[in-house]
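*Asks:* Sequence:
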Amino acid sequence: MSQDVVRIDQAPLFELLTVASLFLVALIGTLIAYQAYRGYRRNDASSMFYLAVGLLFLTLCPFLINVTVTTALQADQVVTVFFENVSRLVGLVAIMYSLYGQH
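Residue numbering for the sequence shown follows our numbering, beginning at 7 and increasing consecutively.
Any given hint could be a false lead.
Stated by the list, open to error - Now the in silico label distances, taken between C-beta atoms and shown as ranges:
| id | residue 1 | residue 2 | range |
| --- | --- | --- | --- |
| 1 | Y106 | T77 | 34 to 40 Å |
| 2 | D82 | T36 | 44 to 50 Å |
| 3 | L22 | L70 | 31 to 37 Å |
| 4 | D50 | P18 | 45 to 51 Å |
| 5 | Q83 | T36 | 20 to 26 Å |
| 6 | Q41 | H109 | 16 to 22 Å |
| 7 | F20 | T77 | 18 to 24 Å |
| 8 | L105 | F29 | 41 to 47 Å |
| 9 | D15 | A78 | 22 to 28 Å |
| 10 | V84 | Q108 | 15 to 21 Å |
No wet-lab data here; the hints were simulated from the structure. Don't be surprised by glycine CBs; every beta carbon is placed ideally from N, CA and C.
My request is simple: use the sequences and hints to build the entire structure.
*Replies:* Spelled out as structure tokens, the structure:
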């Protein structure tokens, strides 16, 4: 399973935009999660903690999984997509719990 290395100056514009948008989603999601965490610390509201965790699993973790699994582990794309989707599912469950859970 060999993967071709593509230099950044040789990558198609669409691929660069895709990577940039994934990075921005991870960055903005992390900033919003940080604000939710600050709300948890300030008000001792556990729902804000679960919201922060959910946002991280929904935005930052899929990006980190993609980078890690694709580059370091050099796994198939199917494996990467599976772990990204599991992370998103955990994030959505945490957000749902923050909204509807008994805390």
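*Asks:* Now tell me if each hint is right for this structure.
*Replies:* Each hint tested on the structure:
no.: 1; hint: Y106 x T77: 34 to 40 Å; result: holds, 37 Å
no.: 2; hint: D82 x T36: 44 to 50 Å; result: violated, 27 Å
no.: 3; hint: L22 x L70: 31 to 37 Å; result: violated, 19 Å
no.: 4; hint: D50 x P18: 45 to 51 Å; result: holds, 49 Å
no.: 5; hint: Q83 x T36: 20 to 26 Å; result: holds, 24 Å
no.: 6; hint: Q41 x H109: 16 to 22 Å; result: holds, 19 Å
no.: 7; hint: F20 x T77: 18 to 24 Å; result: holds, 20 Å
no.: 8; hint: L105 x F29: 41 to 47 Å; result: violated, 28 Å
no.: 9; hint: D15 x A78: 22 to 28 Å; result: holds, 23 Å
no.: 10; hint: V84 x Q108: 15 to 21 Å; result: violated, 37 Å
Violation of the numbered hints given earlier is confined to hints 2, 3, 8, 10; the remaining hints are satisfied by the structure.
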